[in-house]
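Undergrad: Sequences are here, hints too, so could you generate the full structure?
Number of protein chains: 2
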Amino acid sequence: MNAEIIAVGSELLLGQIVNSNAQFISKNLADIGVNVFYHTVVGDNEKRLASAVQTAASRSNLLIFTGGLGPTKDDLTKETIARVFNKELVHDEDSLKYIIHYFAQTNRQMTENNKKQALIIKDATVFPNENGMAPGMAFMNDGIVCLLLPGPPSEMKPMFQKYAMPFLLTKMDVQTRLYTRVLKFFGIGESILETKLQDLIDKQTNPTIAPLASEHEVTIRLTAAHKDKEIAMKLLDGAESEIVKRTSSYFYGYAEDTLEKQAMDSLLKSNATVASAESLTGGLFGSILTDLPGSSAVFKGSIIAYSNELKQKLLNVPDSLIKEHGVVSEECAEWMANHIKILAKTDYGISFTGVAGPDQQEEKPVGTVFVGIAGPLETKVFSLKLAGTRKSIREKTVKHGFYLLNQLVKEGQ
Amino acid sequence: MNAEIIAVGSELLLGQIVNSNAQFISKNLADIGVNVFYHTVVGDNEKRLASAVQTAASRSNLLIFTGGLGPTKDDLTKETIARVFNKELVHDEDSLKYIIHYFAQTNRQMTENNKKQALIIKDATVFPNENGMAPGMAFMNDGIVCLLLPGPPSEMKPMFQKYAMPFLLTKMDVQTRLYTRVLKFFGIGESILETKLQDLIDKQTNPTIAPLASEHEVTIRLTAAHKDKEIAMKLLDGAESEIVKRTSSYFYGYAEDTLEKQAMDSLLKSNATVASAESLTGGLFGSILTDLPGSSAVFKGSIIAYSNELKQKLLNVPDSLIKEHGVVSEECAEWMANHIKILAKTDYGISFTGVAGPDQQEEKPVGTVFVGIAGPLETKVFSLKLAGTRKSIREKTVKHGFYLLNQLVKEGQ
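Protein sequence lines, in the order shown, are assigned to chains A and B.
If you read the first sequence in the working numbering, its first letter stands for residue 1, the second for the next number, and so on.
If you read the second sequence in the working numbering, its first letter stands for residue 1, the second for the next number, and so on.
A pair holds if it fits inside one copy or across any two, identical chains being indistinguishable in the list.
Below are the SDA-like pairs computed for lysine to any residue, each with C-alpha atoms no more than 25 Å apart in a straight line: (1) Lys-184 - Gln-109; (2) Lys-399 - Gln-109; (3) Lys-157 - Thr-219; (4) Lys-245 - Ile-192; (5) Lys-269 - Asn-308; (6) Lys-115 - Lys-385.
Quick caveat, the hints were computed from the structure, so don't treat them as lab data.
Just so you know, these numbers come straight off a predicted model, no measurement behind them.
TA: Below, the structure written as structure tokens:
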């Protein structure tokens with residue numbers, strides 16, 4: 001199967017957004033061994049879109065379209081493709097019901113043009129849109145597989161993984177397949193990790209080993225190619241164990257794992273609870289933890305004491321402590337962690353105090369951060385020196401918090 | 001001039017990197033009034049690249065290539081274009097000297113294939129590469145302007161601005177330029193907004209009016225074309241005032257504005273402070289507000305009372321209130337907003353309580369949300385019915401919070 005990814009949208013040609021959909025789809029197709037030969041971007045213009053469809057159909061046999069499925073007159077993808085391939089458009093009952101329900105639920109008025117979103121190519125396989133209104137779809141035409149997906153990445157990505165990937169796998173000749181495994185590391189830079197593994201990266205070809213830095217973490221993608229799944233898994237296992245042997249303290253999990261999920265799972269396993277006392281992070285720890293469904297079983301709450309006044313009033317930090325050590329100090333982090341644990345009657349209390357910038361504070365440089373963790377037996381404070389922008393210092397601080405909390409909870413098990 | 005941007009590189013088709021070059025070039029071309037009709041991405045494959053060059057030459061008269069100018073065998077852009085257009089490749093003396101000097105300066109050994117980087121299309125205008133080794137170039141062929149630029153954005157972007165833009169301006173009739181303005185709306189769906197403006201969207205051609213949904217908001221892009229900047233600005237002003245007249249309560253700002261920044265600015269202007277009491281949002285309000293440098297002047301802190309126990313203990317929510325109305329109630333939101341305002345001694349207290357899902361709570365459906373705002377004179381509670389995932393309900397809740405807080409602070413001014 002030779003694929004072409006066609007994004008439809010004038011906002012791309014005006015440079016207002018970047019075509020991240022093409023990257024996402026390409027990466028997923030590479031993982032299942034589908035060659036992508038072209039990306040095309042075309043505007044909301046019927047004539048040029050029709051010509052792009054024809055060009056694509058003449059050189060590729062898997063066409064994946066993103067965008068142009070919205071309710072407005074600008075949105076022409078379905079209509080144009082139907083015309084080029086001589087197909088009929090019909091209303092999909094389930095999608096129409098879903099749209100009507102969505103408007104009813106949100107007390108909003110449905111307009112006539114919203115119904116247009118429920119139109120599908122006749123006999124197409126419908127991909128439900130769980131994060132928006134426009135359904136996706138797939139159909140065959142003269143040996144060419146066509147997929148139509150919505151443009152907003154928040155709608156397209158989950159639909160692609162849940163519905164489009166399984167659909168594509170049923171259409172493929174299965175010979176050699178690619179199997180990937182993603183290993184995740186925290187607390188180590190990409191280049192140091194790569195140096196530790198350079199000889200493996202150079203000599204290993206099956207699986208290949210590809211490090212990638214992302215969001216204050218490093219991931220390594222292992223890709224094994226084999227027609228037999230079991231053998232591919234063994235190849236992956238072998239590479240993984242060699243890599244983990246060399247990098248053990250930094251390795252923390254696989255693709256779907258996150259530091260916050262692991263901390264939550266450890267707390268659940270210990271039947272333990274946590275509360276936080278946040279200063280420089282301003283609620284980011286609580287916010288990320290409570291993004292996880294089920295977090296109410298482990299998280300009781302938090303005090304965000306952004307001002308010194310509230311540190312004293314809500315967390316009882318003694319005046320003498322602040323005068324002697326300042327609020328950006330090991331002593332203050334320790335106090336905050338202990339106090340929130342007692343106040344919220346939890347098993348663990350975690351605290352964050354530090355300087356996110358842009359200005360220094362108490363003559364301590366930007367990036368000075370203390371994380372305190374009060375556990376059932378003792379309280380530990382970790383001193384960090386972080387680099388980056390205000391935003392990245394706050395994000396890294398919280399990642400360290402989840403990482404350290406997970407370690408300490410696991411040690412107590 | 002109708003442009004097509006052709007990126008050459010298999011790493012793009014494998015999804016390893018995103019095509020940010022196309023976005024950058026498109027944005028710059030839009031600013032000087034050049035229409036971009038297509039983006040194409042093709043791999044490091046001579047046959048498919050040649051075919052992409054031919055297709056582009058048949059439909060566009062400005063072809064801008066990025067990538068494939070490096071020293072390795074994979075790098076085929078110049079060679080393939082020269083072949084398709086029947087041009088000769090020659091060594092550019094200045095570029096060769098520069099490369100030799102670069103290697104000497106960095107104490108690295110120069111290999112024979114590095115000389116390949118100094119090859120240019122005969123008689124092309126050379127664009128020096130001040131951030132790498134491969135020069136860019138421009139030439140004409142049968143009325144088609146071709147630009148070849150390096151792939152790494154750190155080399156391409158400065159070269160484009162310093163050399164390619166001035167080159168293009170000499171080739172253009174500088175007549176019409178495009179001027180854009182982005183209007184931002186909150187609390188209204190894309191299709192209702194469009195319905196309100198349909199006649200304008202249909203009949204207005206200068207400026208054009210394009211709505212776009214993004215991250216729980218809607219933006220409208222106005223694009224005016226005129227050779228005279230002042231007249232273009234007047235055209236934009238006219239369209240803006242007509243749009244705002246019809247949608248006034250939803251319009252909140254321009255491209256760089258965000259709801260949180262506006263709320264912070266209103267508080268600063270009123271010399272007022274705020275503290276929050278968060279339940280379903282788990283700290284998201286505080287976290288977004290404290291992402292802004294300078295927020296410490298307006299934000300004192302927050303109590304995240306995720307468990308009912310902490311709502312009672314830290315926010316003193318009376319047992320009787322919870323028994324009678326539940327924690328997901330107007331009454332609880334009002335109490336929380338009032339109490340945090342008193343506790344933190346701020347001018348405003350804002351509270352969030354509701355059901356983010358996935359499960360309902362107190363027999364109230366997912367998406368039931370109450371936002372309380374206690375101000376200097378009175379306390380108001382807003383009842384919302386939100387749809388979406390847990391994550392999007394939490395995000396929308398906080399956006400509503402910033403929007404409402406901004407409105408109330410401005411009303412008090």
